[in-house]
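Student: Listed here are the chains, written in short residue letters.
Protein chains: 6
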Amino acid sequence: MSDRDLTDGAFGSSGDFNHAGFTHLDPMGRARMVDVTPKEASHRRAMARAKVHMDPETASAVARGAITKGDVLAVARVAGIQGAKRTSDLIPLCHPLLIGAVTINFEIGESHIEIETQVDTVGRTGVEMEALTACSVAALTIYDMCKSIDKGMTIGDIALWEKTGGKSGPYRRAK
Amino acid sequence: MSDRDLTDGAFGSSGDFNHAGFTHLDPMGRARMVDVTPKEASHRRAMARAKVHMDPETASAVARGAITKGDVLAVARVAGIQGAKRTSDLIPLCHPLLIGAVTINFEIGESHIEIETQVDTVGRTGVEMEALTACSVAALTIYDMCKSIDKGMTIGDIALWEKTGGKSGPYRRAK
Amino acid sequence: MSDRDLTDGAFGSSGDFNHAGFTHLDPMGRARMVDVTPKEASHRRAMARAKVHMDPETASAVARGAITKGDVLAVARVAGIQGAKRTSDLIPLCHPLLIGAVTINFEIGESHIEIETQVDTVGRTGVEMEALTACSVAALTIYDMCKSIDKGMTIGDIALWEKTGGKSGPYRRAK
Amino acid sequence: MSDRDLTDGAFGSSGDFNHAGFTHLDPMGRARMVDVTPKEASHRRAMARAKVHMDPETASAVARGAITKGDVLAVARVAGIQGAKRTSDLIPLCHPLLIGAVTINFEIGESHIEIETQVDTVGRTGVEMEALTACSVAALTIYDMCKSIDKGMTIGDIALWEKTGGKSGPYRRAK
Amino acid sequence: MSDRDLTDGAFGSSGDFNHAGFTHLDPMGRARMVDVTPKEASHRRAMARAKVHMDPETASAVARGAITKGDVLAVARVAGIQGAKRTSDLIPLCHPLLIGAVTINFEIGESHIEIETQVDTVGRTGVEMEALTACSVAALTIYDMCKSIDKGMTIGDIALWEKTGGKSGPYRRAK
Amino acid sequence: MSDRDLTDGAFGSSGDFNHAGFTHLDPMGRARMVDVTPKEASHRRAMARAKVHMDPETASAVARGAITKGDVLAVARVAGIQGAKRTSDLIPLCHPLLIGAVTINFEIGESHIEIETQVDTVGRTGVEMEALTACSVAALTIYDMCKSIDKGMTIGDIALWEKTGGKSGPYRRAK
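Chains as they are written, first to last, in the numbering used here: chain A, 1 to 175; chain B, 1 to 175; chain C, 1 to 175; chain D, 1 to 175; chain E, 1 to 175; chain F, 1 to 175.
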């Protein structure tokens with residue numbers, strides 16, 4: 001058996017899937033973790049943002065807690081940092097990498113909290129998923145901690161804002 | 001020492017934090033996992049939604065893959081289900097619970113993919129964080145799998161839509 | 001939007017998949033974690049076995065170590081027990097449950113090691129996947145610990161031998 | 001094969017190990033996760049303490065941070081709570097259980113920080129390992145956050161102070 | 001105490017264990033994670049296979065699902081990829097490493113499904129355990145998804161087929 | 001928004017926190033994972049110790065088990081090695097790294113068991129937290145396995161004894 005190619009009977013041998021540039025899919029449309037071993041390790045950074053929209057009363061209660069000693073944002077910051085470290089465990093086709101730095105900052109608006117995360121690494125693959133995961137987990141933690149007073153919150157505007165390092169060149173979000 | 005109360009020197013004994021209804025904070029503003037042991041185990045359900053906004057070309061490439069054999073949404077569905085099971089590991093003050101069912105559905109629009117998750121359990125605490133986490137992880141997975149063709153995607157509208165079971169009565173999002 | 005059903009545009013509305021009794025797939029062939037919340041919690045048990053085939057020299061080296069103080073099987077036993085506890089984390093559609101007992105035993109043959117695992121729980125779903133996962137992880141650990149002297153080992157005969165509890169009645173493997 | 005007992009050739013059939021009351025070892029000295037399925041689920045609580053000994057300068061730097069806005073203890077509290085939830089993942093023969101509440105408090109002394117954890121559950125097994133693990137992880141986190149200014153810290157006095165619930169009756173540490 | 005060697009009273013000082021080439025055991029038979037720090041990082045690859053034996057009806061139901069839209073193999077593929085990333089978490093003495101690529105393919109036979117996994121990395125240690133773990137987790141997932149229609153399935157023939165990179169030279173399974 | 005700095009409204013813009021050399025806190029006292037990407041990867045090692053104090057009867061029961069076939073210390077050794085690999089998952093601001101070697105030894109005294117761990121890596125950051133975590137998890141495992149016969153055990157003297165590699169130079173504990 002070792003001298004023949006296994007063909008994936010499951011998804012046919014037709015190869016008719018136009019995979020349209022999806023690097024995480026092979027020519028037959030099957031998921032794969034794309035090979036990064038030929039890439040050089042280099043310094044990479046990504047910055048992402050998200051917003052948790054909430055009642056003005058909720059936002060100001062978080063702000064009051066922050067000014068005195070409430071832990072909402074401190075807990076969300078720790079959760080986001082740990083979430084960044086679990087990215088490849090959560091996102092099936094993400095490559096594991098050694099995160100070199102994470103910072104998470106918050107800005108409290110009138111009816112939202114904005115989250116900004118930055119992740120750095122020296123590695124073969126970018127850290128945009130790590131920055132976005134940190135945003136998402138921090139946002140979910142804020143939701144969890146405020147949901148007893150405000151169930152209507154929504155999480156939105158999760159987006160990559162900057163990405164540097166790697167061969168594809170820097171990316172900077174227009175708006 | 002066993003006969004005296006430890007007072008948290010770290011955050012003072014003043015107790016001056018107005019914790020404003022945050023059940024995850026004690027009267028002094030310190031994080032805690034609120035006690036659910038007095039609650040009765042009962043059937044609970046939550047339903048949440050999210051949207052991944054993308055270029056129309058990206059959405060139709062995902063749709064084409066789905067119609068033929070592309071794995072983007074199948075991978076995102078598995079990731080979302082597994083994400084639901086990790087909720088208490090990701091969100092620091094979330095209680096562990098035994099998820100009894102998870103379903104995740106997708107609807108592809110012209111320039112977005114909508115995600116809908118439903119989670120059921122029999123337990124002492126609600127599953128809204130599990131439904132929201134499933135949405136978030138599925139959305140991040142879609143982002144990951146499409147980012148080679150569209151870096152400008154944003155994830156938004158992550159919100160709880162329904163919640164039933166438990167003493168506080170059903171919740172249904174207005175809009 | 002809350003008043004309409006999301007239909008999964010990704011996989012069409014045709015529902016033409018004959019799901020052939022696969023409870024982990026919905027009528028349209030999409031993965032789901034089947035709902036166990038209507039089931040009663042009851043005592044359940046499963047017993048599984050596996051074999052690691054190896055050179056006679058390898059088997060007797062393991063046996064010698066076991067008789068004196070080598071840790072191969074002690075390490076494999078711990079790994080198998082911990083593997084059982086991670087089953088729902090590894091197998092995407094497995095329900096989390098609270099394992100109540102795990103025992104793992106080994107028998108060294110002339111050119112194989114046989115593994116037998118038994119898992120018990122009180123819960124809404126069976127523990128056959130936990131017993132099989134414990135077998136698999138214990139077998140992989142034996143492979144890992146012996147591979148420096150024998151790369152040709154194979155793991156086989158991983159099978160469920162007994163299952164009791166639950167509404168479907170007991171299962172006992174014929175041979 | 002199904003009709004005979006597997007005997008663990010690895011550790012002999014002699015059964016000569018006097019297991020001396022170790023419930024985690026079978027009569028032949030092999031590790032097992034003891035069967036808790038016959039036990040009734042009941043409310044259980046455990047309280048544990050630990051101390052991180054440090055230079056007076058370190059302790060007062062932590063105290064200053066706590067009074068203003070330093071995150072050392074807030075981070076340690078989150079880490080301890082999350083550590084409690086991972087206990088059965090870390091300690092091989094620990095049973096998984098659903099933690100119902102965790103609280104962690106700190107007291108800053110002249111040259112140490114004392115940690116006190118309390119864990120509650122409704123379940124078939126006690127939560128002393130969860131309380132002790134929460135102490136240990138919180139202590140390690142304090143060490144990690146202060147090690148840039150004080151490498152000589154030691155962690156000690158990790159002990160169970162109280163345990164209630166379960167058939168064996170309450171335990172209260174003498175001193 | 002710092003100036004003397006700790007001898008492991010637990011397992012005696014006799015060193016009489018003939019460790020027979022087991023690199024994961026020290027001369028006294030105690031488990032250890034062998035030191036790979038002196039090795040050079042290099043490109044490494046491993047390929048493994050496994051078979052899930054099943055009733056012909058089960059195999060053809062999986063095949064039908066795959067041709068239309070059933071998710072059995074897509075779910076197993078994701079599970080296998082994620083399993084590869086957890087290898088060092090599951091196998092106690094495995095070194096953590098950064099997986100650079102994973103591909104998993106399936107071939108459906110008359111009464112079995114064959115799984116083939118390939119894993120690549122640039123690192124100090126081989127990836128055979130990762131390839132074997134991916135096989136095992138994919139096989140367990142197939143079992144889980146088909147067990148409602150076929151409890152008698154067995155998993156077998158889990159074996160390493162190729163290994164390249166590292167100082168020990170390439171390995172290729174004979175048959 | 002992309003052209004302005006987010007300031008963390010949560011913790012004020014005052015920057016008045018004297019962070020006193022805590023590298024894990026930014027100038028405003030907020031937790032961060034400090035950036036190690038500018039550092040060179042180099043060989044690093046750490047050695048730590050801990051003691052589990054217990055009744056002489058407990059210590060000699062462990063010793064007896066060790067001499068014959070009891071698994072207390074074998075299980076604790078495996079748990080400690082696996083704990084070392086989870087350090088960055090447990091300690092929020094710890095950097096992930098690729099552990100290259102772990103050894104754990106035990107010495108049984110009259111009324112205690114001493115644990116010694118050594119961890120090696122080639123990386124950008126030290127492994128003292130890994131060595132300390134291995135000690136802690138091994139100690140907790142010993143507690144867990146002996147608690148049925150001795151609830152009064154305490155874990156203490158967890159300390160870093162040696163650390164080499166990295167720019168800050170070697171550290172050796174005085175006593």
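Mixed in with the good hints, there may be bad ones.
Repeated chains share a single entry, so a pair holds when one copy, or any two copies, can fit it.
Derived pair list, reagent style EDC-like, types lysine to aspartate or glutamate, alpha-carbon separation capped at 20 Å [claimed, not checked]:
id, residue 1, residue 2
1, 167, 150
2, 167, 57
3, 167, 114
4, 167, 35
These are computed hints drawn from the structure, not numbers from a lab.
Student: With reference to the structure, classify each hint as holding or not holding.
Tutor: Verification of the supplied hints:
no.	hint	in the structure
1	167 with 150	between (44 Å within a copy, 17 Å between copies)
2	167 with 57	neither (46 Å within a copy, 24 Å between copies)
3	167 with 114	neither (30 Å within a copy, 32 Å between copies)
4	167 with 35	within (15 Å within a copy, 22 Å between copies)
In this structure, the hints that do not hold are numbers 2 and 3, in rising order.
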